[in-house]
Amino acid sequence: MTTLNNSYKKRNLVWIVIFLLPNTILYFMYTIYPAIQTAVSSFMDWNGFQRAGVFCGFDNYKELLHDDIFFKSLKATFTFMLIVVPLRFLISLGFGLLLNWKNCKGRSFFRTMLFLPVVTTGAIIGTVMKMIFDPKYGPVNIVMSALGLMERSKGLLASFDSALLTGGLIWVWKWMGMSLIYWIASLQSIPDELYEAAKIDGASSTQTFFRITAPLLKSFAGIILVLTIGDSLRVFDLMLTLTNGGPFYATETIELFIYHTAFTDKVPRLGYASAAATIFALFFVVVSILQSFVKRRNDR
Amino acid sequence: MENKKTLSRKAVIQYLVAFVLILFCMIWIYPFVWMLSASMKTSTELFQKGLNLIPDRFSIDSYISAWGKGGFSRYFLNSVITTAGAIALVLIRCATCGYVLSMFKFKLKAFYMTVLLATFFIPHGTTIIPVTQMSTKLGLMGTRVGVILALAGGGQVASIFLFKNFFDQVPRELYEASLIDGTSFVRTFFSIMLPMTGPIISTVTIITFMNAWNNLMIPLVFTLGNSKIKTLTVGMMAFSGAYATDWAGMAAAGTMTLLPIVVCFICLQKYFVSGIAGAVKG
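If you read the sequences in order, they're chains A and B.
According to the working numbering, the stretch in the first sequence is residues 1 to 300, in order.
According to the working numbering, the stretch in the second sequence is residues 1 to 282, in order.
The hints are simulated quantities; they were obtained by calculation from the structure and are not laboratory data.
Misleading hints may appear alongside valid ones.
Stated by the list, open to error - Computed list of lysine to any residue pairs in SDA-like fashion (alpha-carbon distance at most 25 Å, straight line):
#1 B:Lys-49 x B:Leu-23
#2 A:Lys-199 x B:Ile-13
#3 B:Lys-270 x A:Trp-173
#4 A:Lys-136 x B:Glu-45
#5 A:Lys-266 x B:Ala-238
#6 B:Lys-107 x A:Leu-13
#7 B:Lys-10 x A:Tyr-195
#8 A:Lys-295 x B:Ser-102
#9 B:Lys-137 x A:Val-267
#10 A:Lys-136 x B:Ala-242
#11 B:Lys-270 x A:Leu-227
#12 B:Lys-107 x A:Ile-18
#13 A:Lys-130 x A:Trp-173
#14 A:Lys-295 x A:Arg-234
#15 B:Lys-270 x A:Asp-231
#16 A:Lys-199 x A:Gly-94
Produce the complete structure using the sequences and hints provided.
Right under this line is the structure:
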């Protein structure tokens with residue numbers, strides 16, 4: 001940069017600003033301003049038909065604390081997270097190790113197959129899975145009852161005790177391939193020389209795994225875990241089309257709660273939904289802190 | 001002798017693993033096969049013979065009726081337009097921003113990048129209400145431009161950093177040489193720097209394609225008042241609400257929606273993979 005003279009630098013500065021503008025404007029309009037406005041609206045009594053809300057202090061938050069449906073949605077969100085995160089994490093790790101194994105034939109073909117659901121449209125998957133899990137005509141019920149594993153007419157997505165679990169399994173199926181790619185990328189970042197050195201030293205494959213692969217994967221595992229947690233909290237389109245939050249709010253995760261309260265209830269309540277959205281955002285603050293914590297530990 | 005025996009045992013294990021994986025993958029992609037098969041059956045046949053995947057008679061009636069009567073020709077066009085618009089906008093904003101963040105020093109750069117990264121996780125649920133209010137005020141509600149802006153707005157942090165990390169690898173001498181030649185800032189970017197970013201452009205295009213094509217919340221909220229600009233995802237919800245028993249129709253509509261993205265994925269797999277793998281490496 002020392003070759004630059006001053007006038008050139010100044011002209012550059014103008015262009016730097018111009019180049020930053022598109023991103024800055026879009027980012028401000030669609031992330032920064034809305035995030036602040038949501039927090040502000042959360043202190044307002046505001047139904048969807050009014051132009052603006054009236055300040056009401058912490059009333060929305062107080063009401064949320066006594067709102068049965070909100071608590072059900074919190075419970076659904078966290079139960080969902082606890083079901084899907086370990087499943088997606090471990091299944092993808094298993095496949096990642098298998099598909100990274102030199103002796104496994106057709107690895108890229110299997111990777112393609114397992115990844116396929118990731119690229120597909122959640123809203124379509126929800127609609128199609130509703131048919132596949134249909135209690136009367138769906139193939140899942142036909143097969144499961146023929147095997148004697150289940151009552152013929154049990155609606156897996158329609159009963160209170162199984163809807164969230166079934167939705168969770170479908171979600172894991174849809175997104176497992178994403179974590180699989182994370183794992184494969186992590187495994188491939190381990191230099192081959194390490195394995196060769198271990199081989200020369202006469203290490204067994206078990207020793208190689210526990211002494212080389214596992215410790216080096218640990219730093220990636222933290223990041224993959226945090227990304228998976230973030231994804232699981234955000235579930236929306238799949239659940240909306242699969243169950244629309246039912247039955248009896250069993251699958252009403254927070255994004256669904258916000259959407260229903262702000263857009264589809266008879267009297268939309270924007271202030272109230274904003275309060276829920278603000279609480280929801282706090283979860284992601286926790287996730288971000290976790291992420292930077294993992295990063296810092298890895299860097300050390 | 002000993003060596004040969006262990007070799008063949010290895011081969012047996014290999015085939016066994018491959019066999020189990022094939023079986024597993026068949027179950028894994030069964031929902032797609034079922035959907036494809038259902039789309040070519042009649043609904044009556046679907047309800048009578050649930051398990052048989054091969055239709056008695058291959059019929060494309062469901063495609064015709066979903067495309068015409070179901071309104072999917074319009075939904076499809078809308079999805080193509082909004083997705084293309086979102087891709088163009090994301091490429092422009094991320095390439096320019098990533099370039100400047102990588103090549104130049106300026107005040108507040110560290111702050112700018114920290115703020116970007118800090119909002120990496122912010123979910124649509126948190127921002128959607130003010131976004132709709134603002135869009136209503138600006139007259140963007142119920143318009144295609146509004147949908148495109150909302151799809152391309154927001155963070156896009158991953159794409160910005162894909163560009164930035166790429167430009168970080170470009171040797172500085174290249175930039176300095178263009179300075180000495182007296183090439184202008186804009187020309188340096190468009191005719192020297194940007195043409196090198198082919199793989200990143202592909203990756204960002206594909207990631208944005210996937211996000212925009214598959215997005216439900218934004219088009220859903222933006223088209224509540226204008227059904228003319230509904231995209232495929234929203235159209236599918238409307239269709240399954242109106243014709244809940246037309247399983248063949250829903251399967252046909254689903255197949256039409258998934259086909260472009262699946263074909264694109266199979267052809268351009270490596271860019272999908274590198275885009276996603278970037279998340280753990282960064």
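Against the structure, the hints come out as follows:
1. B:Lys-49 x B:Leu-23: holds (23 Å)
2. A:Lys-199 x B:Ile-13: Between Lys-199 (chain A) and Ile-13 (chain B) the Cα gap is close to 21 Å, so the pair holds against 25 Å.
3. B:Lys-270 x A:Trp-173: Distance of about 21 Å is within 25 Å: holds.
4. A:Lys-136 x B:Glu-45: Holds, at roughly 14 Å.
5. A:Lys-266 x B:Ala-238: With a Cα-Cα distance of about 19 Å, the restraint between Lys-266 (chain A) and Ala-238 (chain B) holds, given a limit of 25 Å.
6. B:Lys-107 x A:Leu-13: holds (10 Å)
7. B:Lys-10 x A:Tyr-195: With a Cα-Cα distance of about 20 Å, the restraint between Lys-10 (chain B) and Tyr-195 (chain A) holds, given a limit of 25 Å.
8. A:Lys-295 x B:Ser-102: holds (21 Å)
9. B:Lys-137 x A:Val-267: holds (20 Å)
10. A:Lys-136 x B:Ala-242: Answer holds: Lys-136 (chain A) to Ala-242 (chain B) is near 20 Å, not above 25 Å.
11. B:Lys-270 x A:Leu-227: Status holds; Cα separation ~21 Å.
12. B:Lys-107 x A:Ile-18: holds (15 Å)
13. A:Lys-130 x A:Trp-173: holds (15 Å)
14. A:Lys-295 x A:Arg-234: With a Cα-Cα distance of about 22 Å, the restraint between Lys-295 (chain A) and Arg-234 (chain A) holds, given a limit of 25 Å.
15. B:Lys-270 x A:Asp-231: holds (23 Å)
16. A:Lys-199 x A:Gly-94: holds (23 Å)
Violation of the numbered hints given earlier is absent; every hint is satisfied by the structure.
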